[in-house]
Amino acid sequence: MLYGCSTPQTPQNLLALTDAQLKIRSIQTRTFDVKDRNAAIRGVIASLQDLGFIIERANEPLGLVTAARFAEPNYYDVISVTVTVRQDTKDSLTIRANAVYNNKPIEDPKVYQNFFASLERSLFLTKE
Amino acid sequence: MVRTGIFLISLVLLNGCVTHTEPAELFQLTAETAKHRAMQTRFFETPNEKELLSASAAVLQDLGFQVEESVREVGFLRATKERSAREYGQYIQRALFLVLSLGKLLTPVDLHQKIAAGLITKPLNQEATRQQVRIVFYRVVWKGDGQADRQYIPPGQQHMEMIRDPEIYQQFFAKLSKAVFLEAHTI
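First to last, the sequence lines map onto chains A and B. Residue numbers for the first sequence follow the numbering used here, so the first one is 790 and each next one is one higher. Residue numbers for the second sequence follow the numbering used here, so the first one is 21 and each next one is one higher.
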């Protein structure tokens, strides 16, 4: 009863950056020597489709792609991923991917390595 | 002997329920990737990507879909349609189970479904004289209510599946090819 009355306190460090977050950011980010931003976004979409993801939203001006897929063979767990493509310099751009398993952020570096490996393939194929 | 058999079978079934795929595996290309891509993709000899995209939207409309999202700059369309998912067979099965369980088990049947399509067009070469169209269909099915012994099963339980019937894709591309007066080439 008493417990129910007290309002839960919002933690002060809710938005603070931790070391772990910085590490995850570096795992989730890659820089590519690609000039054409639009082609890179299309490459991201193509590789997500190859990986069996369903594209949910895309925004070209912001370089944003959101996609999801089921953790096949089960159709109850969902993996969502948001990818952002940003122009760094004239001939390089940064791609960042965030993946979530149901409501849990994925922090396994292997997931991102695999994603970027397939993205590299699709960017390379587009260049040909 | 029979008991061990049943035990083993239930063990296998239980095991089947908790299959868990590591997220890292889901971000890997598999042996089936190329097969799915070939089924979902066609290319057209045309420089006009916009025309292809708007024709795709028109075909989806013809098929009863509502376009929910579109981004011309990356050639993206997402469309859905909601339909009844009732199947005659499921009702027969439900009645059969009800009789066999002496009126204790009323299995939920599929009531409603949402079929969704995600479509992407993409230029295939530098000069953009050849365009690729890739479409993915999937569906979400909602079940009605049921009863197991005295326990009521509320409606709304859902399950989802990717549609991997090649014929569905062939039909879509046949319509698209007619709409743009171009031949749809397989990759």
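Treat the hints with care, since some could be wrong.
[To be verified] Not everything, but these chain B residues come out facing chain A in the computed CB check (under 10 Å):
{"hint": "1", "residue": "L46"}
{"hint": "2", "residue": "T53"}
{"hint": "3", "residue": "V87"}
{"hint": "4", "residue": "E89"}
{"hint": "5", "residue": "L139"}
{"hint": "6", "residue": "P143"}
{"hint": "7", "residue": "G166"}
{"hint": "8", "residue": "H179"}
{"hint": "9", "residue": "E181"}
{"hint": "10", "residue": "D185"}
{"hint": "11", "residue": "I188"}
[To be verified] Here are the simulated DMTMM-like cross-link-like pairs (lysine to aspartate or glutamate), alpha carbons at most 20 Å apart as the crow flies:
{"hint": "12", "chain 1": "A", "residue 1": "K899", "chain 2": "B", "residue 2": "E42"}
{"hint": "13", "chain 1": "B", "residue 1": "K198", "chain 2": "B", "residue 2": "D82"}
{"hint": "14", "chain 1": "B", "residue 1": "K55", "chain 2": "B", "residue 2": "D185"}
{"hint": "15", "chain 1": "A", "residue 1": "K893", "chain 2": "B", "residue 2": "E45"}
{"hint": "16", "chain 1": "B", "residue 1": "K55", "chain 2": "A", "residue 2": "D822"}
{"hint": "17", "chain 1": "A", "residue 1": "K899", "chain 2": "B", "residue 2": "E45"}
{"hint": "18", "chain 1": "B", "residue 1": "K101", "chain 2": "A", "residue 2": "E845"}
{"hint": "19", "chain 1": "A", "residue 1": "K824", "chain 2": "A", "residue 2": "D897"}
{"hint": "20", "chain 1": "A", "residue 1": "K812", "chain 2": "A", "residue 2": "D897"}
{"hint": "21", "chain 1": "A", "residue 1": "K824", "chain 2": "B", "residue 2": "E93"}
{"hint": "22", "chain 1": "B", "residue 1": "K163", "chain 2": "A", "residue 2": "D866"}
{"hint": "23", "chain 1": "B", "residue 1": "K134", "chain 2": "A", "residue 2": "D866"}
{"hint": "24", "chain 1": "A", "residue 1": "K879", "chain 2": "A", "residue 2": "D822"}
{"hint": "25", "chain 1": "B", "residue 1": "K124", "chain 2": "B", "residue 2": "D169"}
{"hint": "26", "chain 1": "A", "residue 1": "K893", "chain 2": "B", "residue 2": "D169"}
{"hint": "27", "chain 1": "B", "residue 1": "K70", "chain 2": "B", "residue 2": "E45"}
{"hint": "28", "chain 1": "A", "residue 1": "K824", "chain 2": "B", "residue 2": "E147"}
{"hint": "29", "chain 1": "B", "residue 1": "K70", "chain 2": "A", "residue 2": "E849"}
{"hint": "30", "chain 1": "B", "residue 1": "K195", "chain 2": "B", "residue 2": "E71"}
{"hint": "31", "chain 1": "B", "residue 1": "K163", "chain 2": "B", "residue 2": "E147"}
{"hint": "32", "chain 1": "B", "residue 1": "K55", "chain 2": "A", "residue 2": "E861"}
{"hint": "33", "chain 1": "B", "residue 1": "K70", "chain 2": "B", "residue 2": "D82"}
The hints are simulated quantities; they were obtained by calculation from the structure and are not laboratory data. Think of the CB as a built atom: it goes at the ideal place given N, C-alpha and C, for glycine as much as any other residue.
Pairwise hint evaluation, A/E861 against B/K55, where the allowed Cα distance is 20 Å at most: 17 Å, holds
Hinted contact B/G166 with chain A - closest CB pair below 10 Å: 18 Å, violated
Given pair status - B/E45, A/K893, alpha carbons within 20 Å: Holds, at roughly 17 Å.
20 Å Cα cutoff - pair A/K824, A/D897: Violated, because 29 Å separates the two Cα atoms, which is more than 20 Å.
Restraint check for B/K70 with B/E45, where alpha carbons must lie at most 20 Å apart: It is violated: about 36 Å lies between the C-alpha atoms, which goes past 20 Å.
Chain A contact restraint on B/P143 - CB to CB distance below 10 Å: 8 Å, holds
Hint check, B/L46 versus chain A [nearest Cβ-Cβ separation less than 10 Å]: Since chain A brings a Cβ to about 6 Å from B/L46, closer than 10 Å, the hint holds.
Restraint status (C-alpha distance of A/K893 to B/D169 at most 20 Å): Since the Cα atoms of A/K893 and B/D169 sit roughly 35 Å apart, the hinted pair is violated (cutoff 20 Å).
Distance restraint between B/K70 and B/D82, which requires alpha-carbon spacing of 20 Å or less: 18 Å, holds
Hint status (Cβ of B/E181 to nearest Cβ of chain A, threshold 10 Å): 6 Å, holds
Given pair status - B/E147, B/K163, alpha carbons within 20 Å: This hinted pair is violated, its Cα atoms lying about 49 Å apart.
Proposed interface contact between B/T53 and chain A, which counts if any beta carbon pair is under 10 Å: 6 Å, holds
This entry does not satisfy hints 3, 7, 10, 11, 16, 19, 26, 27, 31, going by the numbered hints stated previously.
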